[in-house]
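What follows is each chain in one-letter form.
Protein chains: 2
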Amino acid sequence: MSYFDNFLKTNQAYADLHGTAHLPMRPKTHVAIVTCMDARLHVAQALGLALGVAHILRNAGGRVTDDVIRSLVISQQQLGTKEVVVLHHTDCGAQTFTNAAFAEQLQQDLGIDVSGEDFLPFTDVVASVREDMALLRQSPLIPDEIIISGAVYDVDSGRMTEVK
Amino acid sequence: MSYFDNFLKTNQAYADLHGTAHLPMRPKTHVAIVTCMDARLHVAQALGLALGVAHILRNAGGRVTDDVIRSLVISQQQLGTKEVVVLHHTDCGAQTFTNAAFAEQLQQDLGIDVSGEDFLPFTDVVASVREDMALLRQSPLIPDEIIISGAVYDVDSGRMTEVK
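In order, the protein sequences belong to chains A and B.
For the first sequence, this note's numbering gives the first residue as 1, with consecutive numbering after it.
For the second sequence, this note's numbering gives the first residue as 1, with consecutive numbering after it.
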């Protein structure tokens, strides 16, 4: 049994009401939001984003990786964004393991050796936001004039708090 | 001027209505959706996802990269997901450049040499979905029993079409 068919069915109803309209490819606010894949965070709703308003990048933890830098370079140099928001959240899956324990688990369950790989876990969510803001500021691919902000989202209350 | 303050303000109103409720960290459907950062795609609305229902991974193009694999391994081995949907879309920013032209532009605008880097552009959106589904199927880190589906989202009509 697959959930894909449910999503397809739901989407047909969504599309019936959507109508046809062409919005510009470039995000209206010139903002890209870097956040976590967590199922309890609906970014558009929580930040009040209309369609076409901001790029949304998501991975495990909302960490700034090479792939996030690749995506932000396209977002900025190709599609005109000028601001980045790093948004991590409480009760994150990235806080549930260490690299060593996870490597041992994968060796056991999948028979694969990933020792030495960094799955980017963290313990302190404010520190992880600051670390990733610093990575963006240090990257030669992110120009100095790009505005960088950070925040933590509380998945229980839905509230976002700035990290300076 | 930064849009971050607008998002913070909007979020306070959202949180006031959100109330406090703790949902489980593990996504209810056991699905992870891999899609693009594009501002014209609101994944939760378009697929009818309630809070807590599915992981959402997003980067430029919705491409399967090392970082997506890292995130999916955490999603599957740590948080119990068993299904992946690769969802690319029409009129994608990843269709607006070639690596060679982009490298030339970055050399000119940022004074940085990225020649040899792959920014993962594509021309045919159905082919890119198939390519990324194949990458997932070939990865030793993604177990064979994981269900993999693919689709294209039309940003003008809001309609999702399966790619086999």
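Be aware that one or more of the hints could be misleading.
Because identical chains cannot be distinguished in the list, a pair is counted as satisfied if it fits within a single copy or across any two copies.
Taking lysine-lysine and the DSS-like style, the derived pairs with C-alpha atoms no more than 30 Å apart in a straight line are [said to hold, decoys possible]:
id, residue 1, residue 2
1, K164, K9
2, K28, K82
3, K28, K164
4, K82, K9
5, K164, K82
Simulated from the structure, these hints should not be mistaken for laboratory data.
* To do: Please name the hints from earlier in the document that this structure breaks, with their numbers sorted from lowest to highest.
  => Every hint satisfied by this model.
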